[in-house]
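Each number in the working numbering corresponds to the 1-based position in the sequence shown with 7 added.
Be aware that one or more of the hints could be misleading.
Straight-line Cα separation of at most 20 Å, DMTMM-like style, residue types lysine to aspartate or glutamate; simulated pairs [to be verified]:
1) K87 with D76
2) K136 with E124
3) K91 with D81
4) K123 with D134
Just so you know, the hints here were simulated from the structure itself, not pulled from any lab data.
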Amino acid sequence: MELKPIFKDLRQEEISSNVKSTPLEHSSKVGNSKGIILAFFFTALQILLEKEQLQSLAPISNARKRTFDMDLKDLLLRTKCEFKGLEFQLQNDLKQLGNIVQEMSAAVVGYQTIVKENRNLYNMVQDLKGQFAYGA
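All chains should be modelled from the sequences, with the hints used to inform the complete structure.
Dropping the structure here:
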């Protein structure tokens, strides 16, 4: 079976009708074997056209992918820098907090010493009061 006569018949039908039709419509117009071949041809043609369109879009999508990758790397670097800055700030804050805790600890020790001293003085005053009350 030759393909040239099939395409010639199809081309003449298209010119006479001036209507575009799908491969399935062609298969009903043309004989069964001609329709199957024609449907296969149109399907293959559509696949080739879609593939060509996708290939023409490939550089665009590659450029977009490269841009996306660069944006992602930039975001990662900025995040790392911010994280290191936050880590440094946290270390400084913890050092300052440690210094404040040491100062407060020293103040607590001093307060306890003063309270102990005041208690001793109070007890001495009470002893003296008792001695004057009994001694006089």
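Each hint tested on the structure:
1. K87 with D76: Distance ~16 Å between K87 and D76 Cα, so the pair holds.
2. K136 with E124: Holds: K136 and E124 sit about 18 Å apart, inside 20 Å.
3. K91 with D81: holds (15 Å)
4. K123 with D134: OK: K123 and D134 at ~17 Å, within 20 Å.
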